[in-house]
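Enquirer: Put together the whole structure using the sequences plus the hints.
What follows is each chain in one-letter form.
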Amino acid sequence: MATAMIRMDGVTVEFNVMERNRNRYLLLADEDLMSLAGSGDSKAFAVLYDRHGRPAYSLAYRMMGERQAAEDLVQEAFLYIWRGAGSYRAERGSVRTWMLSIVHNRGIDQLRSISSRRRMQDKVEAAAPISQPSEAFAETWRNSQRDQVRQALSHLPPEQVKVLELAYFSGYTHAEIAKLLSLPLGTVKGRMRLGLKKIREYFDSRGMEVPG
Amino acid sequence: MNEQWRRRFDDLKDAYSLGALDDDERREFDGYLAEHPELQAEVDELNSVANLLALAPPEYDPPPELRRNLLQRIGGAEEDAALPGRAPRRAGLRRLFGPAGLAAAAAILAVVGLFIWNASLREENEDLRGEIETRQAYELHGSGQAEDVQGEVVELGRGRAILMAENLPPAPDGKVYEAWLIHDGVPEPAGTFHSQDGQAATRIEGSLEGADAVAVTVEPSGGSSMPTSEPLLTASL
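One line per chain: the protein sequences are R and B, in this order. Mapping of the first sequence onto numbering that gives the first Met the number 0: residues 0 to 211, in sequence order. Mapping of the second sequence onto numbering that gives the first Met the number 0: residues 0 to 236, in sequence order.
Hint data in this document are derived by calculation from the structure and do not stem from the laboratory. Each residue gets a CB set at the ideal place from its N, CA and C atoms; glycine is no exception. Wrong hints could be hidden among the right ones.
Covered stretches of chain B, as calculated for chain R (at least 3 residues, CB under 8 Å) [to be verified]: (1) 3-14; (2) 47-53.
The calculated label-pair distances, taken between Cβ atoms and stated as ranges, are [stated by the list, open to error]: (3) B:E146 with R:R66: 50 to 58 Å; (4) B:E146 with R:E90: 34 to 42 Å; (5) R:D108 with B:D43: 38 to 46 Å; (6) R:S153 with B:T227: 45 to 53 Å; (7) B:D9 with R:L25: 22 to 30 Å; (8) B:D172 with R:P156: 52 to 60 Å; (9) B:D172 with R:N104: 47 to 55 Å.
Under 8 Å between C-beta atoms, here's a sample of chain R residues computed to sit facing chain B [claimed, not checked]: (10) R50; (11) Q144; (12) Y167; (13) L179.
Expert: The following block contains the structure:
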């Protein structure tokens, strides 16, 4: 069993607990792992990555549209999370929500700084006829928050889903979406408002709490 | 509240939660929110709904090299990382003592002088010591059937702590392990937990500040308000 010890000015601290079987980390809650990561425990951070790397990468891939950019985004976001782990406050929401919001915010920053080439691609997609909710929301699985979210979105009118997608995943502002879809800005705002409201109502109607 | 501003708030709040305001609008909204903290809860609730969208995309496994690269970047190559410690600071020390770092340090010394360098090192030392001290671990001692248990209570700072143990047999049927914070000989319940495959890890409920010891007993399922058995594990704080 590996142990480590640091001596400085007469202060000696053993870190043997940090070098033990990784299995014990798997028993800890995200918030506790975040506290450990915040004080520099890379193994706790690795466990957090193993728990949330997949949804983070999936979100990044959905936003960036290609693998390398998604990897770069996830790496940048998780480095930010590592450096800022000590600033995480559980009262502001779950660890997963916090992590995904960092991926999302950084993804939006990147999307807004890239050339118009990718944006034109989106424009073509956005202009395509809308008859069904996008593939992203087609699959319905049970017994998971992810499935519930997908179910909620599958109940929305496609035009509301499209506006939410362009805003959340593609990083467009509401004014840009209005221009892209040739809609009045008020209509775009209305679809955003109704879309979010219906997601909320979906959860409320099933007695489910919207996770923080 | 100014009605015109309230209308503006309502007009922008959904786009704000979706990240769909332009920079000027976002600054305007943030400024308004700062002046009206009573609206924060409304915004938080909208954010929580908008954040659900992050879970909607089809799932893909990230490539293994992403994990490897990430852990290397933070100084914890592979999952069995070396010494814990804040990567940026340790990287700073490595830079200082590495070949390239030495050259750089020599150049810096020539300019700013030994005194400043010493002061800087001392400050870094203090920071590191502060971090280390917030990670103080207290060894758990087992007795009876828990004699072979190895474990620690690890203090995370601000009184928060976790208890980690190994070689801990499962609690008997209908029983759980319960942690206690001991103040002047008086135990306070600090949470129940189980052992899985000989491993246990749980958060200590309550603050370590002012406590003399942490103890673990076997209690009826659901836990007890006062211990009903002798301590199996103890850690003096």
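Enquirer: Which constraints among the numbered hints does this structure fail? Numbers only, ascending.
Expert: Violated: hints 5, 7, 10 and 13.
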